[in-house]
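*Asks:* Each chain, letter by letter, is given below.
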Amino acid sequence: KAGVTQTPRYLIKTRGQQVTLSCSPISGHRSVSWYQQTPGQGLQFLFEYFSETQRNKGNFPGRFSGRQFSNSRSEMNVSTLELGDSALYLCASSFLGRTSYEQYFGPGTRLTVT
Amino acid sequence: KNQVEQSPQSLIILEGKNCTLQCNYTVSPFSNLRWYKQDTGRGPVSLTIMTFSENTKSNGRYTATLDADTKQSSLHITASQLSDSASYICVVSAGVQGAQKLVFGQGTRLTINP
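Chains as they are written, first to last, in the working numbering: chain A, 166 to 279; chain B, 13 to 126.
Hint data in this document are derived by calculation from the structure and do not stem from the laboratory. Note that the structure is a prediction, hence the values are computed from the model and not measured. We put the beta carbon where it would ideally sit given N, CA and C, even for glycine. One should not assume that every hint holds.
What the hints assert, rightly or not - So, partial list: chain A residues that the calculated Cβ filter (under 7 Å) puts toward chain B:
| # | residue |
| --- | --- |
| 1 | L208 |
| 2 | G249 |
| 3 | A252 |
| 4 | L255 |
| 5 | T264 |
| 6 | E267 |
| 7 | F270 |
| 8 | G271 |
| 9 | P272 |
As the list claims (entries may be wrong) - Beyond 10 Å from chain B on every Cβ pair, some chain A residues (computed):
| # | residue |
| --- | --- |
| 10 | I177 |
| 11 | H194 |
| 12 | Q219 |
| 13 | S230 |
| 14 | S235 |
Please model the entire structure based on the sequences and the hints provided.
*Replies:* So this is what it looks like as structure tokens:
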């Protein structure tokens with residue numbers, strides 16, 4: 166069974182631009198969660214989608230948004246990029262939900278904002 | 013306040029030696045506890061997931077323990093290998109059904125030297 170895939174793996178953007186990251190979960194998994202990881206803050210939860218609906222949301226500004234498609238693939242969008250958005254963005258899929266079931270993480274997208 | 017604290021922050025040991033990483037949590041109500049291994053620039057990989065009733069779980073050379081009374085968990089690595097160099101993250105799932113959240117520790121950075 167293929168694992169979680171994320172594209173692109175690396176991205177360089179300038180301040181003020183917007184970016185869209187993509188995540189394909191493990192086949193059969195309906196829950197997709199997004200995390201931001203920085204050296205100083207560790208892993209921080211952005212949001213979770215389940216069957217195309219946002220189920221949970223972390224404490225991030227509205228510039229961070231996401232969506233999930235009917236095939237469970239998910240996208241995350243960050244608008245008006247700031248230098249502080251430079252981070253590793255991780256996507257994780259789970260069979261039914263991230264809190265009760267095992268999560269499987271993708272390799273991440275390394276975003277650098279200059 | 014729900015918190016997960018890991019110690020030490022970083023650890024350096026020689027190849028072949030054993031080590032133990034600690035995780036203390038103040039999370040209620042407890043649902044499960046997970047240990048992840050994360051190689052630099054990669055997504056976390058699950059090592060173990062333990063529920064309230066489990067106090068030991070092994071995955072190869074990795075053995076996790078859980079003391080729900082003292083709210084402590086440890087991850088013991090036996091006969092360390094160079095490939096064990098990574099960050100180890102403790103994650104606790106808390107809350108009641110339908111309103112659960114994951115609380116992440118900051119991780120322990122383990123370096124194995126030859």
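*Asks:* Return the status of the interface hint for A252(A): holds when the least beta-carbon distance to chain B is below 7 Å, violated otherwise.
*Replies:* Not OK, violated: A252(A) not within 7 Å of chain B, min 12 Å.
*Asks:* Would you assess whether I177(A), listed as outside the interface, keeps its beta-carbon beyond 10 Å of every beta-carbon in chain B?
*Replies:* 15 Å, holds
*Asks:* Would the stated hint for G271(A) survive a check requiring a Cβ distance to chain B of less than 7 Å?
*Replies:* 5 Å, holds
*Asks:* Can we keep the L255(A) interface hint, with Cβ of chain B closer than 7 Å?
*Replies:* Constraint on L255(A) satisfied, holds at 5 Å.
*Asks:* Taking the least C-beta to C-beta distance, is E267(A) closer than 7 Å to chain B?
*Replies:* OK, holds: E267(A) within 7 Å of chain B, min 6 Å.
*Asks:* Hint check: is the beta carbon of T264(A) less than 7 Å from a beta carbon of chain B?
*Replies:* Given a least distance of 4 Å, the restraint on T264(A) holds.
*Asks:* Given L208(A) as an interface hint, is its Cβ closer than 7 Å to any Cβ of chain B?
*Replies:* Where the cut-off is 7 Å and the nearest Cβ of chain B is about 5 Å from L208(A), the hint holds.
*Asks:* Would you say Q219(A) is clear of chain B, with no C-beta pair closer than or equal to 10 Å?
*Replies:* It holds; Q219(A) is separated from chain B by about 15 Å at its closest Cβ, greater than 10 Å.
*Asks:* Confirm or reject: H194(A) is not an interface residue toward chain B, with every Cβ-Cβ distance exceeding 10 Å.
*Replies:* About 14 Å separates H194(A) from the closest Cβ of chain B, which puts it past 10 Å; holds.
*Asks:* Confirm or reject the statement that S230(A) sits farther than 10 Å, beta carbon to beta carbon, from all of chain B.
*Replies:* 20 Å, holds
*Asks:* Using Cβ atoms and 10 Å as the threshold, tell me whether S235(A) really stays out of contact range of chain B.
*Replies:* Fine: 24 Å to the nearest Cβ keeps S235(A) off the interface.
*Asks:* Taking 7 Å as the limit, does the beta-carbon of F270(A) come near enough to a beta-carbon in chain B?
*Replies:* F270(A) check passes; min Cβ-Cβ to chain B is 3 Å, inside 7 Å.
Hint compliance for this structure: hints 2, 3 are not met, and every other hint is.
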